[in-house]
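Engineer: All chains should be built: construct the whole structure from the sequences, respecting the hints.
Going down the list, the protein sequences come from chains F and B. Here my numbering = 1-based position in the first sequence + 4. Here my numbering = 1-based position in the second sequence + 26.
These are computed hints drawn from the structure, not numbers from a lab. Using N, Cα and C, we set each Cβ at its ideal position, and we do this for glycine too. Please note that the accuracy of each hint is not assured.
Ranges between beta-carbon positions, derived for each pair [what the hints assert, rightly or not]:
#: 1; chain 1: F; residue 1: Pro87; chain 2: B; residue 2: Ile208; range: 45 to 53 Å
#: 2; chain 1: F; residue 1: Met58; chain 2: B; residue 2: Ala166; range: 49 to 57 Å
#: 3; chain 1: B; residue 1: Glu174; chain 2: F; residue 2: Pro146; range: 19 to 27 Å
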Amino acid sequence: MRRILAPALLLLGALGAWQAVASVPSVDDLTLASPVEVLGALRDDGALLLDQTMVTIVEVVLGLLIAVAGGLGAAVAMHLVRPLREAAYPLLVASQAVPVVVLAPVLVLAFDYGMGPILAIVALTCFFPVTVGALDGLRSVPAELLELMRSLGASRITTLRRVELPSSLPSLFSGLRVAATVSVIGAVFGEWAGAEAGLGRLVLLGNNQLQTPRVYAGVVLLTLIALALFALVSALERVLVPWAPQRARPS
Amino acid sequence: MNTGLEVPVEGTTRQGLPGLAAENVTRRFSGGVVALDHLDLRAAPGEVLAVVGPSGCGKSTLLSLLAGLAEPHSGLVSVGGLTPATERLDRCALMPQRDLLLPWRSALDNAGLALESVGVSRPEARRRARPLFERFGLAAFERARPSELSGGMRQRVAFLRTLLVGRPVLLLDEPFGALDTITRGEMQEWLADALAEEPRTVVLVTHDVEEALLLADRVAVLSSRPGRVVAEIAVNLERPRPRRTTVTDDAFIDLRARALGALER
Chain F
5 MRRILAPALL LLGALGAWQA VASVPSVDDL TLASPVEVLG ALRDDGALLL
55 DQTMVTIVEV VLGLLIAVAG GLGAAVAMHL VRPLREAAYP LLVASQAVPV
105 VVLAPVLVLA FDYGMGPILA IVALTCFFPV TVGALDGLRS VPAELLELMR
155 SLGASRITTL RRVELPSSLP SLFSGLRVAA TVSVIGAVFG EWAGAEAGLG
205 RLVLLGNNQL QTPRVYAGVV LLTLIALALF ALVSALERVL VPWAPQRARP
255 S
Chain B
27 MNTGLEVPVE GTTRQGLPGL AAENVTRRFS GGVVALDHLD LRAAPGEVLA
77 VVGPSGCGKS TLLSLLAGLA EPHSGLVSVG GLTPATERLD RCALMPQRDL
127 LLPWRSALDN AGLALESVGV SRPEARRRAR PLFERFGLAA FERARPSELS
177 GGMRQRVAFL RTLLVGRPVL LLDEPFGALD TITRGEMQEW LADALAEEPR
227 TVVLVTHDVE EALLLADRVA VLSSRPGRVV AEIAVNLERP RPRRTTVTDD
277 AFIDLRARAL GALER
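Structural biologist: So this is what it looks like as structure tokens:
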């Protein structure tokens with residue numbers, strides 16, 4: 005109970021302070037929309053916001069699925085083929101230094117406008133945490149267990165299927181939780197680089213048109229998408245990996 | 027290859043089991059440190075051989091050599107007279123020091139992993155594992171996850187997994203090393219009963235001299251690294267050897283003194 009109550013109180017306090025600052029007469033509505041105005045925008049622009057939200061959710065979920073498929077495949081390949089791992093792993097880490105913001109317009113040029121480049125950007129953002137999570141998990145199996153499987157007469161593929169893949173799930177899900185949160189950032193960058201719809205585009209246009217409450221409403225919805233994805237991934241983990249060691253919570 | 031219960035247990039004679047031999051075996055670690063130095067050791071068909079030695083004397087190395095998981099740098103290792111690693115792998119079942127049960131599998135499915143590893147379907151693996159659970163006092167624990175089992179129970183499941191592989195040679199690496207004294211005593215008697223029912227050629231590695239004398243037909247004492255055999259002691263005690271009465275027996279006390287003396291040399 006206290007775990008929920010404490011952050012809720014802090015959030016309420018912050019909202020109150022925000023409302024108070026926004027209500028100061030010298031603060032212009034275009035500079036800072038108050039929480040009440042944001043709620044108003046969520047109500048008045050509901051239909052528009054819902055449409056844009058659906059567009060962004062589709063981008064995020066599809067991009068994430070591409071990253072999971074690609075990341076799992078890459079991780080298994082790097083796990084099984086040592087020269088590949090030695091060649092690709094440092095490059096994978098180095099690729100994180102490439103700012104996706106810069107890549108976004110380049111990809112739009114390459115893929116043309118539409119959902120393609122946005123999916124690519126979401127997938128690229130999520131690929132790293134998913135791949136590293138899966139690979140670390142696959143490699144976490146103790147050497148004695150691998151020897152035991154050999155002595156039981158198990159083939160490489162059987163060991164992968166029966167032991168290494170299930171063992172990798174907790175670590176894969178850690179990567180997925182990170183991916184779930186950054187996927188929304190990827191979608192926003194993608195939409196900024198060129199898109200016909202989506203919450204990121206709505207925020208960008210709204211900013212240009214000085215529709216501050218609508219911009220804030222967009223940001224709130226983007227945050228909610230990230231939170232919902234995070235919760236979904238966590239729920240999926242509880243179902244698929246009920247045996248996982250419970251993560252320690254800050255007390 | 028036979029697989030566990032398909033073996034006609036009554037018909038398994040000690041004569042049908044292979045012997046083991048390590049002849050003049052030397053094995054170094056990757057750093058160059060010598061783990062085993064010109065070691066000579068044999069186990070007769072159907073014999074329970076205990077290998078006792080201080081920690082780091084290469085006991086586990088010896089087991090992985092016998093199991094066919096590693097090759098000696100010099101010398102010969104054979105199981106049933108055959109030296110190729112694949113032949114040794116086919117004849118030996120290894121029980122490692124840690125139980126290494128998979129946390130997402132039930133106790134029954136952890137034992138059945140031995141069969142699933144060689145392509146047996148899961149329902150069939152369960153069907154063959156179940157009678158062993160009943161015979162060895164685990165019937166109520168088939169569906170339990172490893173995290174719900176006590177240390178002793180986990181070792182029993184790990185041992186059943188080793189039996190289910192259906193190999194004539196068992197290589198046991200300090201199977202009860204992590205258990206408390208009381209549980210260890212229970213497990214030693216349980217293992218003695220299990221081996222009486224399912225005879226195998228056994229190499230039992232342990233650092234516990236009493237455990238070796240309670241379970242084995244013969245005890246080989248290894249020196250500290252590099253490991254070589256410093257004494258071989260025949261254990262001519264009658265079976266069964268219930269712990270409580272055996273440890274106070276004069277013959278037992280004498281054997282223990284000899285083994286401990288050899289360890290200290």
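Engineer: Hint by hint, note whether the structure agrees.
Structural biologist: Each hint tested on the structure:
1. Pro87(F) x Ile208(B): 45 to 53 Å: For Pro87(F) and Ile208(B) the Cβ distance comes to about 51 Å; the hint holds.
2. Met58(F) x Ala166(B): 49 to 57 Å: Given range 49 to 57 Å: holds, Cβ gap about 52 Å.
3. Glu174(B) x Pro146(F): 19 to 27 Å: At 21 Å between Cβs, range holds.
Figure legend: structure checked against the earlier numbered hints; every hint is met.
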